[in-house]
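Q: Working from the sequences, and respecting the hints, build out all of it.
All residue numbers for the sequence shown refer to this note's numbering, where the first residue is 5 and numbers rise by one.
I should point out that these hints are in silico values taken from the structure, not numbers from a laboratory. Treat each hint with caution, since some may be false.
Below, simulated DMTMM-like cross-link-like pairs (lysine to aspartate or glutamate); rule was C-alpha separation at most 20 angstroms, straight line [what the hints assert, rightly or not]: (1) LYS107 to ASP141; (2) LYS82 to ASP133; (3) LYS146 to GLU118; (4) LYS249 to GLU238; (5) LYS138 to ASP164; (6) LYS161 to ASP133.
Keep in mind it's a predicted model, so treat the numbers as computed, not measured.
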Amino acid sequence: MEVTRDRVLEAQFHVVPARVDAAYGMLSERERHLLFNLTESHYRGDGAIVDAGSFFGSSTVALAEGLRANPRFRTIMKKAVAKPIVSYDIGFLPAPLSGSVTKETGGTVYTWGESFVPILERNIVGHEDIVELKIGDFLNEKWPARPIEICFIDLAKTNDLNVHTFRQLFPAFIPGQTLLVQQDFFFDRLPWIKVLMGYLSDHFEWLGQVGPSALYRYTTPINPEKYSIDPFTELPIEERVVLHKQGDNELLPVRRRFALAMSLCYLYETVGPEEALRAAREVKSDFTDYVATDHSAARRLQRAIEQFDRLAKRGRLKGAPTSAAISVSG
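A: Below, the structure is given as structure tokens:
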């Protein structure tokens, strides 16, 4: 399986049913094509397909359409002991603390705080025979004794959820076979995802990047004792920084390297705003040319600098001790 960079993946995953691109949802076209390709060309039926964070269902539709296009589909279904695709979501976006938000989201109009399950169910009509929907807080879910062959994770928005996916789903991965997609890996926050995958680097092969998603193959069993550790909260900051930086690669598009550098700033924030501010200023220096041409990146960086600066000043006014200096570039 040769999967390395956006341009390779774009050329490889361009022929899909129209429904894959038309489905409501926030996933990029290339990510949808990736998921379609994984279930169409690489799924054998040796384990479940986990869709952890379906939102409106664009990932679910892509996985389901790919499965139906799989040449082994009938054989897979004959030996299946349960619906192949298990799709998780909490079913709503949190409402704001005051007022209400109704806007076009993922291609359809949605009011935050209301259930979007009806939208999800309409989106996947026709695939109910191969998709099991599980609506609710994923922190309450327990994965059964069933292997997982393909795993798409788009719900690790907190470290608690990140750790729960790790401890519940990863033990069911098949060495040498399971394919894992971490959808938020190249997002400019959520540093716990990068730290976790760095912590597990001996057990995964990085296959490439598609949009904000990172694709891995599970290679060797994870040592049982590793599951007892939450690397994001229990390891020293110096070690967490090293693990986070393992996700960077000079072959990545500058947009993705910028996102990783920004995420690292939020990792430093766990030590203190002074360290985060120092890291953000270094990002501004390292990515001067990119920020000058990408207004969205410039806004995100400036907001982060202002946030860290405000928190640092507040700490100084309260007389709080500044954090010990840590090498940002090392």
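Q: Work down the list of hints and note, for each, if the structure agrees.
A: Hint by hint, here is what the structure shows:
no. : hint             : result
1   : LYS107 to ASP141 : 24 angstroms, violated
2   : LYS82 to ASP133  : 13 angstroms, holds
3   : LYS146 to GLU118 : 26 angstroms, violated
4   : LYS249 to GLU238 : 18 angstroms, holds
5   : LYS138 to ASP164 : 19 angstroms, holds
6   : LYS161 to ASP133 : 29 angstroms, violated
Consistency note: the structure conflicts with the earlier hints numbered 1, 3 and 6.
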